[in-house]
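There are 2 protein chains.
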Amino acid sequence: MTIATKRQYESLTEEQAIVYAKKLGLFSDELELECSEIGDGNLNYVFRIRDPKNGKGIIIKQALPYAKVVGESWPLTLKRAKIEASALKKHGEFAAGLVPEVYAIDEELAITVMEDLSRLTIAREGLICLESYPKLSTDIGEYLAQTLFHTSDFALHPFEKKKLVSEFSNPELCKITEDLIFTDPFFDYETNDFESSLRVDVEAIWSNELLKLEVAKLKKSFLTEAEALLHGDLHTGSIFASEMETKVIDPEFAFYGPIGFDVGLFLANLIFQTITREGESRVVIFEHIEKTWEVFSSKFSELWKKEAVESYKDTKGFETYVLDKIFQDAIGFAGCELIRRTIGLAHVKDLDRIVDEEQRILAKKQALQIGELFILNRKEISSIQSVIELLEELQK
Amino acid sequence: MTIATKRQYESLTEEQAIVYAKKLGLFSDELELECSEIGDGNLNYVFRIRDPKNGKGIIIKQALPYAKVVGESWPLTLKRAKIEASALKKHGEFAAGLVPEVYAIDEELAITVMEDLSRLTIAREGLICLESYPKLSTDIGEYLAQTLFHTSDFALHPFEKKKLVSEFSNPELCKITEDLIFTDPFFDYETNDFESSLRVDVEAIWSNELLKLEVAKLKKSFLTEAEALLHGDLHTGSIFASEMETKVIDPEFAFYGPIGFDVGLFLANLIFQTITREGESRVVIFEHIEKTWEVFSSKFSELWKKEAVESYKDTKGFETYVLDKIFQDAIGFAGCELIRRTIGLAHVKDLDRIVDEEQRILAKKQALQIGELFILNRKEISSIQSVIELLEELQK
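Chains as they are written, first to last, in the UniProt record's numbering: chain B, 1 to 396; chain Y, 1 to 396.
Since the hints were derived computationally from the structure, they do not count as laboratory data.
The structure displayed is predicted, hence computed values, not measured ones.
Errors might be hidden in some of the hints.
The list makes no distinction among identical chains, and a pair is therefore deemed to hold if it is satisfied within one copy or across any two copies.
[Stated by the list, open to error] The calculated lysine-lysine pairs, modelled on DSS-like cross-linking and capped at a C-alpha distance of 25 Å, are: (1) Lys22 to Lys305; (2) Lys379 to Lys23; (3) Lys22 to Lys82; (4) Lys299 to Lys79; (5) Lys217 to Lys306; (6) Lys291 to Lys349; (7) Lys56 to Lys89; (8) Lys22 to Lys299.
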């Protein structure tokens, strides 16, 4: 790994990106390289640099010191580039092949140089187009088990775990989640964004004290429970996929939090697809939901038996207690994600792209209904099969 | 506050301690000062320096780089001096008058210069001698509420809270607690120390899978739940008291952990006194137990209503949920403390000083019985009054 020398932050141009890549020794000086900025441009520049002769490429991702979505007025820490690159490397230790390889980190310029994945598609886009990703849930289940088990107290010496907790302290990006997932959608706050035909449903959420009590508990868990090094934003837009491969990208929200958060966010984003699909193609998503949990929990359990360092690992009931807690948390966090993606600041294309208004509102009402039900009943929903039965029942 | 210049660590002699105090400008150069080392000498030197003419004194506490109790073979981080001094200052912001004033910190020499409290007695010693401390529980209840509420997410901006979590990362001292309170006493480990006549009871603990499952959950909470900046070792030996005053000292175990841990440790150490006392003097301790919780919970509640920054502060049931969790946790942690002080490495004088063996063993069996009961039934014990009823019932 090359760490470039420190200098003042400035954002790169496409030409500078090529010079930068050559300086790192990733291409020889005499090559004529192509460079294009391919990011969605909200928070980062993403330069794709390739040698047109052999197609070999790399990605230079540079964090912007502000969120472009609201202009330059929303400053964002550049430290997130360091967090993201370090999380990719840490998670890569345990889930090699399921995250992009990192070639270089440049803290001063907030740059990560990594594997070019442009042969793959963003899973959300692919799922919307009914692309088939037979390996998606097996790979994500494996990724979740490997990264979350191995960074937890069950696998690490407490000194190493606490060192990582400090290293991945990520207050600014956590605050975005605290506000946008756990707080704003449940109050009449300005950041919320929803169609006026949803107002009755939204106001019912704002005045549902039982629901808000459960969200308050989930938020407290997010704020206090340092169980494992999370990805922190594991929706289907953070996953590159093809029929053959799955790669989890963009862990800039990484921090030590409750394990169920990563699991729940991924499940919620699959659930949007169960809302918009019908027939056989919906069954495929139900199967992904089931397989995600089955692979995650059986792999986690296997790692526990083989590698756990906790003295109580063999105490009867402890492993089950831990997995049950993760499941309940995941269902609750999934519920929050379903609601906030429907009425909060950041929506999902899965629902927003539905052109027919009546159909779109119906889909969104379903998302809200599932979200509420998950949050309120997460302790009673006892298995991933009951989740699927419940979804089938609600969507009849 | 004076921060002395950095230099190589070396332990002070009494003469050097006097020179050091004068250099800090706490006494004028020409004074003839007295100095004596008054620590119990396990982990720290404690120099008391005073001007015999007016009795004015200060304390210079210096951490040793090892635990003397087992010779120089058990190295201990000197960073704990910094943690202790910083915790005294942070807690002092909210509970002024209930912790000693800090005059100077010297990181390199692992020294804290602070208020001389030798007019007071260590509460454990005083309680054993049936001294009367009418303010003890009111003051500790207030101390717990002020320090724990004000360092939690309920009172702090998340950036400030997460900064403190990192600042008070305390892996080495946490490990001592993880091992000696939550692990070793529940397994046949070498560190344990108990009379052979307790072996049957101890082996019953080691083979009690239900009990161990609950301890495993409590340990997980200690390892992961960063609720507030704890004292981390709040037994009656960490409290100086008189009829008029209470001062909490020695927070070298301070870190971000579950609020109930501080509450539970203090309650457990009062409970040892309910075991050894009889009649009216035992009733005094029951009153202290009740008042500690009553003052803590009502003050915490008052601070919540006045000062909480959490959006969900007024959501029906949330404050009750938080206080109920603290209570249940406290009962569980108290149970662990009762057991580990009876059969683990570090005992309490309250029990060990009982000369008559039969009586001593009886007292220790009671401590174990209460401990188990607390751990197993913490979710069913609904109020501090039921705790007292339960203690009265068991000790009939």
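Okay, the hints, checked on the actual structure:
In the homo-oligomer, the alpha carbons of lysine 22 and lysine 305 never lie at most 25 Å apart, since the shortest distance is 46 Å inside one protomer and 60 Å across protomers. Proximity of lysine 379 and lysine 23 under a CA criterion of 25 Å is satisfied in neither setting, with 55 Å inside one chain copy and 62 Å between copies. In this assembly of identical chains, the alpha carbons of lysine 22 and lysine 82 lie at most 25 Å apart only when taken from the same copy (21 Å versus 46 Å across copies). For the homomeric pair lysine 299 and lysine 79, neither the shortest alpha-carbon distance inside one copy (32 Å) nor that between copies (39 Å) is at most 25 Å.
Taking the closest pair of Cα atoms, lysine 217 and lysine 306 come within 25 Å of each other only across two copies (21 Å); inside a single copy the shortest separation is 33 Å, beyond that limit. In this assembly of identical chains, lysine 291 and lysine 349 lie within 25 Å of each other by CA distance solely inside one copy; the values are 24 Å within and 56 Å between copies. Taking the shortest Cα distances, lysine 56 and lysine 89 sit within 25 Å of each other inside one copy (22 Å), while across copies they are farther apart (57 Å). Taking identical chains as interchangeable, the C-alpha atoms of lysine 22 and lysine 299 are never at most 25 Å apart, the minima being 41 Å within one chain and 63 Å between chains.
Of the numbered hints given earlier, the model fails hints 1, 2, 4, 8; all others are met.
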